[in-house]
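> Each chain, written out:
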Amino acid sequence: MSATLTKTSIRRALALLSLLLISSCNPFSQSDNQRVFRVNLGTEPPSLDWSLATDHVSFNVIANLMVGLTEFDKNLKPAPVIAKSWEILEGGKRIVFHLRDDVTWNDGKKVRAQDFEYSWKRLLNPKTASEYAYILFDILNAEEYHEGKIADEELLGVKAKDDRTLEVRLKHPASYFLSITTFEVTYPQRQDIVEQFGVKWTEPGNIVTNGPFLLASWKHENEIQLNANPHFFLGKPAIEKVEMFMINEKTTALAMYEQGQLDFLDNHSIPILEKPRLSKAPGFQRVPQLRGYYYGFVTDRKPFDDVRVRKAFSMAIDRSVFPKILHGGEQPASSWIPPGMLAHNPRIGLTYNPPEARRLLREAGYPDGAGFPPVTLAYNNDEDHKIVAEAIQGMWKRNLGVLVRLENQEWKVYLKKLQTDPPHIFRLGWGADYPDPDNFMKLFTALSGNNNTRWKNPRYDQLLELAAREFDVKKRSKLYDEAQRILCEVDVPIVPLFTTAESTVLNPRYSGLEYSSMGRLVLRQVRLKDSSPPPAARGRDKSA
Amino acid sequence: MARFLLRRLLHGLAVLGVVVTLTFVLLHMTPGGPFDRERRLPPEVLANIAAKYHLDESWSKQYVRYLKGVIQGDLGPSYKYLDRNVSDIVADTFPVSALLGILALAFALAFSFPVGLCAAYYHNSWTDRSCLLLATLGISLPHFILGALLIWLFSLQLGWFQAGRWENLSSMVLPTITLGAAPAAYLSYLLRSTLLETLGEDFIRTARAKGLKEITVLFKHALNNSLIPTLTVLGPLAAALITGSFVVEYIFAIPGMGRFFITAVTDRDYPLIMGVTLVYTVLLVCANLLVDLLYSFVDPRIKSH
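The listed protein sequences correspond, in order, to chains A and B. So in our numbering, spot 85 of the first sequence is number 85, and the numbers just go up one at a time. Remember, our numbering sits 544 above the position in the second sequence when you count from 1.
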């Protein structure tokens, strides 16, 4: 009797468990709400405090919560947002921003010039220890204040003259400074909120923002929810809610997109091998990025102290192979300023020319690579970097007769090695903080901490100084042309290889998503095209 | 018993001390710092960051400062997640890993006992060989292969379970199986071999000769006397499972603590590495203590020693 009872109980329990599982097993239930847009951030944003954030994940959230003085337009020029206009005075050393009076924080208070003054001073404050403090070092006394040489904030060159007027004094004219005001780290902040909540001021319920969306919830390592801001001064976004997931594994993210649980994928969610298949899917787009990929030579180490050797190595690289082996829409580059940016000039740089490369190497004393000392090409652990390095190793062997040793290292170890004991040739990349050539070209000045090549050329530095002070676009471009020629044709401390592109897929039900060349995901124009069913309901498109 | 507990507690504290010290020293010896970036920071910016996190102090000062914090329950700020401190991160993520670990352990036990028993009882039969094959598969399939296979089959092809995230029962099934598969297979092997040994003992023959039912012989006499090796591995196994698995949490997008054992190291987030290592060590010490206590219940002979 009891055995029968036990068996019956077990059967009932199993039936109940099955029912529970099946009822909870509808993975598509979330797609019922068509006004919810779901994206994958890839990882947890390290910080939503825009004075401390440094990475694209954090900035992608912040860019949808906040607006600043300006934003870059389709031509990558600063366009008014909170600043309705500005005056450039005293030859570019003083800029006065005039602010709109209809921009409000989500608690109803107006955005004032004092909010910018506070935010910029907080960014520069040594106690904040912001990694991006240096971005404002062009402001009068900013560097000295950050170094602790000046304690009085009032001496800083940023001042709210009244609620609607922000005055910025620079230590020298800087034609790129307006572009800096597009960068998230310069967005305004509310002093009362930051001081009231301390490090927790960015948590939902504490944070006060002024952008198209509001931070509704932040489940760490899991999900961020944004709600449309009904009081956004440019109009409420068309979608009510955004869910931002933190799925590290690309295969999982892609599976969720194909199950209808995600509406947008970018490079952080698309496995490399799936790119060719997805490139045929509806909603696929490749967005060129303002990000360059280069190899640098350590110019004080033999044999790369000889410019002929550097030139030979540059001319022995066939850059057209990179899009074919990386499948990411890479654009081969022989010059350093990326396409889309002011002063981009594809005619500058050394192009693929194996006979000339061999001649230069022979002239340097290494005919067909004979007697060439052992040299190392180093890169950090990554499948893409390995593919590029192996391809280039093959080209150098084929075209110059030189077999370069490859060495890969863990990222932080690699960075340390670049500082202390750099290899003969190294790999690095650079993404724009703000869309101005100054941000790219400054990398290789004599005093730049990012110049790992140990190369210096006073004329190059002088040209950059002149370009920074020049407000005429044509004259500026000419100055940068000359500087790029020195960098990529004459002295060749670096070999630009390609600029990157972002592969993106947007659920065809939606339109209006902007993925910028700076890698920002702008969601305020996203809207549903019609009420067509989600991809999951239509079944997986095998041909895609 | 009180003396035993006190001795084990002191032993546990000593282990903790050694682990914390070794981790601290090894971390600081590893090349590359938490704020080394592709875009190198100006020296004055780096100096302010170092001052904020006391990285400009000597190792010994940093070590003492860290120990003082730990004693007061403060695991320090994260160098990567700037809006949170390590205690917040552990409090947010540990419960998720613990739940996943407990589910995986339950799955492993539920799988291994019947499989181990069947394999041992029907030794050298097709049942035994099938069980062995299943167990070999469980041990040899790495998490990332098994996880990917399960996602492909049950999420993409059959659409039964959610492919990722940690939201509901549906999302918990595949990670639980992935994480529990290897321990289940290992425990099955262990139980089978111990049972085989026990079933050959004289007291089993005596029990059968007395005319006891086979089920009583198997469960009451054989199984009870074969549990010690299983219990021995259960302690560290439980600690390893409930502190999370990098691969499983990564594949299934689970907001657990396991991923930090890897990512915190690559980020050189010293306080976070120290924090998760500390939690793992505490759990390991506690789990081993619990196992030692359980021994005496399973086998009264141990109590007398």
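Just so you know, these hints were derived from the structure itself, not from any lab. Check each hint, because a few of them may be wrong.
[What the hints assert, rightly or not] Using 25 angstroms as the maximum straight-line C-alpha spacing, the simulated SDA-like pairs for lysine to any residue come out as follows:
id	chain 1	residue 1	chain 2	residue 2
1	A	K442	A	L406
2	A	K127	B	G576
3	A	K236	A	Q225
4	B	K596	A	N450
5	A	K280	B	H555
[To be verified] Ranges between beta-carbon positions, derived for each pair:
id	chain 1	residue 1	chain 2	residue 2	range
6	B	L643	A	R277	34 to 44 angstroms
7	B	I806	A	K161	49 to 59 angstroms
8	A	Q285	B	T776	52 to 62 angstroms
9	B	L554	A	E390	14 to 24 angstroms
Ideal placement from N, C-alpha and C gives every residue a C-beta, glycine not left out.
> Where does the structure disagree with the numbered hints, that is, which hint numbers, in rising order?
Those not satisfied are hints 1, 5 and 9.
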